[in-house]
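So the sequences go chain by chain: W and V. Once you know that position 42 of the first sequence is 42 in UniProt numbering, the rest is easy, because the numbers rise by one and skip nothing. Once you know that position 220 of the second sequence is 220 in UniProt numbering, the rest is easy, because the numbers rise by one and skip nothing.
Some clues are possibly wrong.
The list cannot tell twin chains apart, which means a pair is met if one copy fits it or any two copies do.
In silico DSS-like pairs for lysine-lysine, Cα to Cα no more than 27 Å straight-line [said to hold, decoys possible]: (1) 131 x 4; (2) 131 x 31; (3) 137 x 219; (4) 131 x 219; (5) 97 x 131; (6) 219 x 161; (7) 47 x 131; (8) 47 x 161; (9) 46 x 231.
In case anyone wonders, no lab produced these hints; they're calculated from the structure.
Protein chains: 2
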Amino acid sequence: MNAKEILMKAVVCDRSGRIIQALTHYQDGIKILMDLVNEETDAGRKKVYHSRIKEYLDRAEQIKERISRFGHSGSLLHNISIEDGATGYSYYTLFGKYLSNEVQEVLIEEPYLIERYQFQNLINFLEVIIKNCADLKFVRLVTKTDNKNPENQMITLDNIKADLSLREITLHFTFEDTLHDRKILLSSGYVIKIGRGLHIYKPNNPRYTLGMCDYDFRKCLQTDVDILRIKKVS
Amino acid sequence: MNAKEILMKAVVCDRSGRIIQALTHYQDGIKILMDLVNEETDAGRKKVYHSRIKEYLDRAEQIKERISRFGHSGSLLHNISIEDGATGYSYYTLFGKYLSNEVQEVLIEEPYLIERYQFQNLINFLEVIIKNCADLKFVRLVTKTDNKNPENQMITLDNIKADLSLREITLHFTFEDTLHDRKILLSSGYVIKIGRGLHIYKPNNPRYTLGMCDYDFRKCLQTDVDILRIKKVS
């Protein structure tokens with residue numbers, strides 16, 4: 001897609017309230033426009049580009065601020081303190097009741113997606129949200145780069161992206177190497193904050209024991225889960 | 001446990017209607033008595049042993065016949081033809097509605113438990129029945145020996161047995177090298193017959209894609225599933 005197509009898609013998403021997807025397209029579109037403006041020699045055209053870029057940047061900034069505020073506002077609906085070694089805390093058990101057809105977009109901020117078990121946790125999480133949110137359209141994933149094996153991380157995420165696209169769900173992943181906090185934002189109006197992010201489970205040891213597939217059987221690490229009610233994200 | 005203790009346990013299980021567990025204890029107890037009778041030199045005592053063995057053998061044979069009849073009788077409740085490549089057939093989706101607190105015992109006849117994915121299928125199956133049958137006490141597993149690596153098979157099954165015992169569920173496994181048919185018997189009165197046994201899923205490829213944990217997302221192999229209603233097993 002060229003800049004125009006991407007930005008048109010951004011505007012369509014923005015107008016229909018899918019602002020997480022809109023933000024992603026605004027950012028991608030702006031990046032292309034920036035490159036074009038650098039190559040442009042004609043002063044008049046340069047000016048047009050600049051004014052367009054400013055317009056989209058402002059809107060992207062607005063959305064970005066709005067999304068980041070969601071993590072710091074809202075009313076606390078539910079707080080769960082998970083004790084070390086406790087069981088019965090699959091993702092579904094933790095927040096399944098907040099999943100519904102109203103969730104069209106999900107934002108996942110999870111700094112660590114490097115080890116095998118971390119990718120398995122991501123898959124398990126995606127299975128839960130996709131099974132329970134029939135109208136899910138867009139997942140934005142923010143994580144840190146795997147400095148040791150960035151290629152493996154890229155291949156794995158690309159595979160997951162291709163798999164989701166078969167279900168007409170767009171997975172967009174982006175890297176922010178200063179990311180620390182974990183957050184899951186459901187566009188229906190919930191924020192899930194888990195101290196340890198997705199990685200709250202102890203490994204199954206031995207391998208073939210209960211908890212291999214169903215995380216309700218897995219022993220957990222100590223962590224806190226906050227579930228906040230926010231305004232609908234649109 | 002000595003022969004007396006095992007056989008007392010068999011009788012207790014038998015009287016309370018847990019005949020799958022009773023059969024297992026009768027068979028174990030008879031085996032020990034057989035060894036004792038061979039070592040016994042006193043003719044009188046030998047006779048007592050023989051009469052005891054006959055008594056228990058008769059009862060074990062009765063139960064065995066009863067259990068084997070279950071696979072060939074009953075009324076067909078439900079037949080599902082799974083097409084090659086179809087999804088939406090996790091064990092829970094297939095027979096979750098027949099699982100309940102009334103299931104105290106389960107018999108699994110599954111010839112192939114050798115490869116990693118086969119053990120993973122077994123774990124997934126156990127997770128489903130244990131989560132949905134709160135009063136499950138006993139699982140009898142019949143399978144074929146892994147001729148290439150019997151030690152690995154033994155260690156894996158022993159680990160699973162130890163894991164289940166933490167939940168006060170006894171797993172008893174036994175090897176029948178002529179086993180061919182697949183059957184799952186729920187003591188509440190259902191028989192589940194799957195042409196391919198537990199192994200109805202295609203591998204997840206690439207590894208990190210939906211279906212890794214939740215088998216409803218897995219593509220299936222072509223197979224038929226029959227669910228029969230039988231008399232309560234007791």
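Status of the hints after comparison with the structure:
Taking the shortest Cα distances, residue 131 and residue 4 never come within 27 Å of each other, neither inside one copy (34 Å) nor across copies (52 Å). Proximity of residue 131 and residue 31 under a CA criterion of 27 Å is satisfied in neither setting, with 34 Å inside one chain copy and 50 Å between copies. Taking the shortest alpha-carbon separations for residue 137 and residue 219, only the inter-copy value of 22 Å comes in at or below 27 Å, while the best intra-copy value is 32 Å. Taking the shortest alpha-carbon separations for residue 131 and residue 219, both the intra-copy value of 23 Å and the inter-copy value of 15 Å come in at or below 27 Å.
For a Cα distance limit of 27 Å, the shortest separation of residue 97 from residue 131 qualifies both inside one copy, at 12 Å, and across copies, at 19 Å. For the homomeric pair residue 219 and residue 161, the shortest alpha-carbon distance between copies (18 Å) is at most 27 Å, but the shortest distance inside one copy (29 Å) is not. Taking the shortest alpha-carbon separations for residue 47 and residue 131, neither the intra-copy value of 48 Å nor the inter-copy value of 65 Å comes in at or below 27 Å. In this assembly of identical chains, the alpha carbons of residue 47 and residue 161 never lie at most 27 Å apart, being 37 Å within a copy and 73 Å across copies at closest.
Taking the closest pair of Cα atoms, residue 46 and residue 231 never come within 27 Å of each other, the shortest separation being 39 Å inside a single copy and 83 Å across copies.
In terms of the numbered hints stated before, the structure departs from hints 1, 2, 7, 8, 9, listed from lowest to highest.
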